[in-house]
Structure formats: structure tokens, C-alpha cells
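Listed below are the residues making up each chain.
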Amino acid sequence: MIPQLLDGTLVLVVVALAWRALNDRDLFRGVIEFIALGLLLAMAWLRLRAPDLALAEAAVGSGLTGALILSALVRMRRREQAAAGQPAGVATGPWAKDRAKNFSRVLLGALSVAMLGTLAWAALSLPAKARGLTAEALARLPDSGVTNPVTAVLLNFRAYDTLLEIGVLLLAIVGVWALRRGEWPAADLRERPLLLSLLRWVLPLLAVGAGYLLWIGASAPGGAFQGGALLAGALVLALLSGLGRRLLRRGRLVRTGLTIGVLVFGVAGAVALGWTGGLLQYPTGQAGAWILVIEAAALVSIGLTLGLLYLGGRPGEK
Amino acid sequence: MSTVFLTAALALLLTIVLGLAQVFRQAGRADSLLAAILFGTTGVAVVLLLGKALGIPGAVDVALVFASLAAVLGVAFVLRGWPPDDFPEDPRP
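First to last, the sequence lines map onto chains A and B.
Counting in this note's numbering, the first sequence runs from 43 upward without gaps.
Counting in this note's numbering, the second sequence runs from 17 upward without gaps.
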């Protein structure tokens, strides 16, 4: 009885929250609803016994994306205020009186429904009991160098996908940097002693947490993306309070950090190709060490990328 | 024993639902901000309880990530997102 009640409540609240987060007239409240949605989604994943997904949702989906959207909202509001001199941050409502906009909305809605239908058809046409590759992957788990099956798939069996994912992150930051120079919002720490004392505790905790998640990823839910999200959280805190400015002005250092993930991953792939004859096919018995090195480099890049995206542009030198 | 944990998780989830109902009903921005931060705290507890009830040791790490990123979100909200119209006076101490 209790589990069914819990599941039912979760499902109802998740759907209601998703609807409200998209439709709230007050965008600030929409952001808050989005963050709460991430929290509840992580609970739902945990309830479905998928702690890896819950961890990813907690790290990237809720906390960091919430901060990013909030920063976008503040920026948008400021621009609107500068443009019109009137209070902003209120959406025009789901049915604005703009025919072109309504048309594109209907079009987008129809496309989404078609997409949903296709996906539903694809899911329904699958055999009810598919064998999949689970058995093969689990059988080769001892060869993968790690004991967490998710990490084994992401960093060994299908490492190529992960390499490209890290490349996509690099592309994202290159795109953002190409568009504009980022603002550097910073509080004056001398005026905020409470913030300073919080940072003294939280920054080291976040850094240690990132390393912990990276290390534990070999045997339990965790890994470079989750650890990178914590690192990015630390970076966002540092940016908000104006710490580490001098370090971030050193462009070459920052760029090295941003690319080191792809570089190390690519070089590892090339070396493995020469050594074993297969792209990203690690030498037998050493896979664990290779994965750790690749993930450590990826952690730095992911953390820097996600954190610097918060600036909304390249760190400008005035 | 796991029923006790699940019941506690359900009770905490219901407090989140009540808080959300308040946020939905045109609460002030400062109110909804505080609600979000409190949801984070409750969420950590729910995640821990779910992990205990279902026997998922990794839940502790999920709770850890939530707790650490809640600090980031709180600071970001206060420094960047604090709506100026709610606080016309000088926010500096």
C-alpha cells in the first residue's frame, strides 16, 4: 500500500511540476519549479532502482542547470529592462496575440506529438522480452577494469560515445565563447563575511566530493560527469564571489583545462590503436588505470566547461 | 523495517507537495525561493530513506551531491536571482 501511494504521489507531482515549470507566468517561479522537478526526478530514478541516473540528475540536471537557467533569467530581465524600462520577467502567457508565434507553437506541438507517436510506436513494436546486450556486457565485466557496469559501458565497451560526448561539451563552450564576452558578476567578499565563511567550508568539500565521485565511479554510481558537476559548482561559487580571477585571466591555462579531456582521451585512443590494434581497446589487464587517467582529465574539462558556461561568454579582459 | 522508511519518505514527500501547493498559489518570490531551499533539505532526507528502504547504497552519494549543490544554488539565488522588486531597500549590511 505504502509503495503504491509513494509512486502515485511521485508521478502526479512530477507531471504537475513539469507542466507548471513550462507554463508559469512568473519565470522566476518557473526556475524554482524546474529545480524542484529535478529533485523529484532523482527520487523517481532512485525508486526505479537506477542510482546512476539519480546521481546524474542530481548533479547535472537539477543543481547546475538550475543555476544556469537562473543566471539566464537575470540576464534576460536586465536586457529587457534596459530595452523598455519596464518590469520584465513575466512571460506573455501561453497564447500571446501573435499569429506567427501561435503558428510556430502549433507546428512545434504537432511535431512533438508526431515524435512522441513515433517513439511510442518504436517502443511498442519492440519484442516484449528483448535479450539486449546486457548478458554479454556483464559477462565481460571482469575484463573492463572496473566493477561498475555503467562505467564499464561508458568508458570501455562504448568509450567512443563518451569521447564524442566530451567533444560536444568542448563545442558548446567554443560556441558560447564565440558569441560574446561574459559578464563577471562578483560580490564583494569584504561586505559579506557570511559568504566567505561558507566558501571556506564548501569549496574544499566540493573539490573533495568531485575527486570522491571520480574514484568511486569504478565500483559504484559516480564518474567524471558527476564529479565534474561538483567541480563546476565550486567554480560557479568562485565566480559569484570573485575568487580566482587572476587564474581565470590566464587564457592559455584555461584553454588547456578545457581541452585536456578530449586531448587525453584522443591520445589514449591513438596509443591504444597502435598498441592493441583497436581504437580505444585498452591493453589487457591495464584497463582500470587507463580509465582512471582518462576520467581524471575528463573531470577537469567537464568541471571547467560547465562552470565557465555560467559566465555566458568568454572571460573578458577589460 | 523498510515499510517504516518508505512511510517516512512518503510523509516527507507529502510535505513537499504541501509546500509546492503554496508555491503554486502565487506565493511571493522570496517565499518560493525559501521553499525551494527547504525542498532540497527534505529531498536529501527522502533520498536517504529511499536508499535505505530499497537497499541502494549509492543513494548516500546522491544525497551528498544534492546537499553540496544546494549550497551553490542558495548562493546563486541570493547573489544573482534575488528579485529587486521584493527588496527595495539596500541589501548590503
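Since the hints were made in silico from the structure, they are not lab data.
Bear in mind the structure is a predicted one, so any value in this text is a computation, not a measurement.
Glycine included, every Cβ here is placed at the ideal spot set by N, Cα and C.
Be careful, since some hints might not be right.
Label-pair distances were calculated between CB atoms; the ranges are [as the list claims (entries may be wrong)]:
1) L30/B x G327/A: 48 to 56 angstroms
2) L30/B x L236/A: 29 to 37 angstroms
3) G293/A x F40/B: 21 to 29 angstroms
Here are a few chain B residues that face chain A, going by a calculated C-beta distance under 8 angstroms [to be verified]:
4) L22
5) L36
6) V39
7) A46
8) S48
9) L54
10) G56
11) A61
12) G67
13) I72
14) G74
15) V81
Covered by chain B, according to a simulated footprint, are these stretches of chain A (three or more residues, beta-carbon under 8 angstroms) [what the hints assert, rightly or not]:
16) 71 to 77
17) 93 to 102
18) 150 to 158
19) 263 to 270
20) 294 to 308
Does L54/B meet its interface restraint, that is, does its C-beta lie within less than 8 angstroms of any C-beta in chain A? 10 angstroms, violated
Would the hint on A46/B be counted as holding, given a Cβ-Cβ threshold of 8 angstroms to chain A? Status violated, d = 10 angstroms.
Confirm or reject the coverage of the segment 71 to 77 of chain A by chain B under the rule of 3 or more residues with a beta carbon closer than 8 angstroms to the chain's beta carbons. holds (count 5)
Residues of the segment 93 to 102 of chain A with Cβ under 8 angstroms from chain B, three needed, outcome: Result for this restraint: holds, n = 6.
Against chain B, does the segment 150 to 158 of chain A show at least 3 residues with beta-carbon separation below 8 angstroms? violated (count 0)
Less than 8 angstroms between beta-carbons is the criterion; does G56/B satisfy it with respect to chain A? 7 angstroms, holds
Under a C-beta cut-off of less than 8 angstroms, do 3 or more residues of the segment 263 to 270 of chain A approach chain B closely enough to confirm the stated coverage? Check passed, 3 qualifying residues.
Residue hint S48/B, partner chain A, criterion CB-CB below 8 angstroms: Status holds, d = 5 angstroms.
Determine whether the Cβ-Cβ distance between L30/B and L236/A falls within the hinted range of 29 to 37 angstroms. 33 angstroms, holds
Please check whether L36/B passes as an interface residue: C-beta within 8 angstroms of a C-beta belonging to chain A. 7 angstroms, holds
Taking the Cβ atom of L30/B and the Cβ atom of G327/A, is their distance within the range 48 to 56 angstroms? 52 angstroms, holds
With a Cβ-Cβ cutoff of 8 angstroms, does the segment 294 to 308 of chain A contain at least three residues near chain B? violated (count 0)
Of the numbered hints given earlier, the model fails hints 3, 7, 9, 11, 18 and 20; all others are met.
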